[in-house]
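Fit chains B and C to the supplied structure of chain A, relying on the hints for placement.
The residues making up each chain are set out below.
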Amino acid sequence: MTRRARLAVFAVGVVGFGFVLVWGLTGLPDFGDYPGPYGIQLQKVGVEQRKATNLVSSTTFDYRGFDTMGEEFILFAAATGLAVLLRAQRGEREDEEEAEDHPADRRGQDTSDALRVVAIPAAGALIVLGLYVVAHGALTPGGGFQGGIVLAAVPILVYLAGQALFARKLSPMGVGDVLEAVGAAAFVCIGVGGLIAGVAFLYNFVPLGTQGSLLSGGTIPLLNVAVGVEVAGAVTLVFSEFLDQRLLRSGGRR
Amino acid sequence: MTFLQGALLVLVAVAATVVVLRRDPLRQTIGAGIYGLLLGLLFFAFQAPDVALSEIVVASVMLPALILLTLSKLAQIDRGEKDRE
Amino acid sequence: MSFLPFAVAAWLFLVGLYGIVTSRHLVHMIICLGVVQSSTYVLLLAVGYRSHAKAPIFADIPVGTQVVDPVVQALTLTDVVVEATVTALLLALAVQARKRFGTVDPDELGALRG
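As you go down the protein sequences, you meet chains A, B and C in turn.
The numbering used here numbers the first residue of the first sequence as 51 and each following residue consecutively.
The numbering used here numbers the first residue of the second sequence as 971 and each following residue consecutively.
The numbering used here numbers the first residue of the third sequence as 39 and each following residue consecutively.
Don't read these hints as lab results, they were simulated from the structure.
Quick caveat, the model's predicted, so the values are computed rather than measured.
We treat Cβ as the ideally placed atom computed from N, Cα and C, and that holds for glycine.
Watch out, some of these pointers could steer you wrong.
[What the hints assert, rightly or not] Just so you have them, the derived chain B footprint on chain A, three or more residues with Cβ under 8 Å:
1) 192 to 203
2) 278 to 289
[Unchecked claim] Ranges of calculated distance between the beta carbons of each label pair, as one might list FRET restraints:
3) A/Ile177 <-> B/Leu1007: 17 to 25 Å
4) A/Leu78 <-> C/Leu147: 35 to 43 Å
5) B/Gly976 <-> A/Thr52: 38 to 46 Å
6) B/Arg997 <-> C/Lys137: 22 to 30 Å
7) B/Ala1045 <-> A/Val134: 20 to 28 Å
8) A/Ala127 <-> C/Gly148: 20 to 28 Å
9) B/Leu1007 <-> C/Ala97: 20 to 28 Å
10) A/Leu181 <-> C/Gly148: 42 to 50 Å
11) A/Pro87 <-> C/Leu42: 22 to 30 Å
12) A/Ala58 <-> C/Phe41: 25 to 33 Å
13) C/Pro100 <-> A/Gly77: 34 to 42 Å
14) A/Leu179 <-> C/Gly140: 38 to 46 Å
15) C/Gln104 <-> B/Val980: 21 to 29 Å
Only chain A is shown next, with the shape it has when bound in the complex:
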């Protein structure tokens, strides 16, 4: 089908689809007019039951913990799929790479001093911030997902500061794999701990603590740490695969 024909079909289709979409959306309750029962129930009992002041974290890791496990495994599968895709080429090319090695490609660009002066201290501050966000997931906005990405930003920042080889040392291929797998496994193990304790899978079986303290919420801080480790590992793996592709391999067809 030629491009013109495709665009014509799309034009017709999108008009029909847009009409049905807007028609469907007008059937929703008005903006701000929230009827749903779950939110109201959670608001009444959530903080009392779990002693965790961040209701969204309790929902993510406790009331809807099973869905979060599924999402975490989507992330795991995507990162693993990416590693498989980009590494499949590696074995075929090793010999060819030895012959035509461009040192300029490997070193990366020379960056300005201003960038380096700002980026390196910022990397240190980011590690602290990332750990803070992960640890306080049950109390204030934050949690494993956000903190994990903040932590994974550190190798990226180091690479941007021009220390390409140091960035590779900071996030070697093995570290991303291991962290990701450990995080995903830890999540499931904490869930199985609920089974071992005699109650349901992913049940909050650890003592709940007092509301407002760092260890409140039972399994919620533990699950936060597991997810933080996994997200940091996955994003580091993704980034180091791309970096490896860019710096050490010249591509193209044979």
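Relative to the frame of chain A, chains B and C by itself:
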């Protein structure tokens, strides 16, 4: 609906249109980063700080870095093929 | 006027779809896919919003004040991070497509076979 939410919604719609209409991926990346930040502000105005934090971190850290690395890799492949000719 | 959030969500979806269909570069297409994904986030949060309610963090407000729906926020925040990683996977696919087919134009991808 407050004025802030309405204004941010309109800005987000305009930014999305700009992002889509920019055909060159390199220029589109910067637009995508700004679009992510605007979206984060919108989520903040919707009283959703967790989601805003996620969106800001992802759209300003992860996506531009990965897209730029991809574009750089594609340019490298182009250079390699041109050298071989 | 209160239909604006849903209208913006629908607009984001349609504009992203237009970008995908008329795209001439795989990376441009992937960024437009990101725009389509963000329309679902806006829709979810708009559905869960409650007028004059606060954010569902009880660290500094008394327990029992009206808050917006936390369930949709839980869905959206995991979704944002996961979709970013899936986007990374798509970018890797784009790089592989360039290596195997020699082009990043979606219209020509089927034609060249190495």
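Hint check results:
no.	hint	verdict
1	192 to 203	holds (count 8)
2	278 to 289	holds (count 3)
3	A/Ile177 <-> B/Leu1007: 17 to 25 Å	23 Å, holds
4	A/Leu78 <-> C/Leu147: 35 to 43 Å	38 Å, holds
5	B/Gly976 <-> A/Thr52: 38 to 46 Å	42 Å, holds
6	B/Arg997 <-> C/Lys137: 22 to 30 Å	24 Å, holds
7	B/Ala1045 <-> A/Val134: 20 to 28 Å	24 Å, holds
8	A/Ala127 <-> C/Gly148: 20 to 28 Å	27 Å, holds
9	B/Leu1007 <-> C/Ala97: 20 to 28 Å	25 Å, holds
10	A/Leu181 <-> C/Gly148: 42 to 50 Å	48 Å, holds
11	A/Pro87 <-> C/Leu42: 22 to 30 Å	26 Å, holds
12	A/Ala58 <-> C/Phe41: 25 to 33 Å	30 Å, holds
13	C/Pro100 <-> A/Gly77: 34 to 42 Å	36 Å, holds
14	A/Leu179 <-> C/Gly140: 38 to 46 Å	43 Å, holds
15	C/Gln104 <-> B/Val980: 21 to 29 Å	27 Å, holds
The structure is consistent with each of the numbered hints, conforming to all of them.
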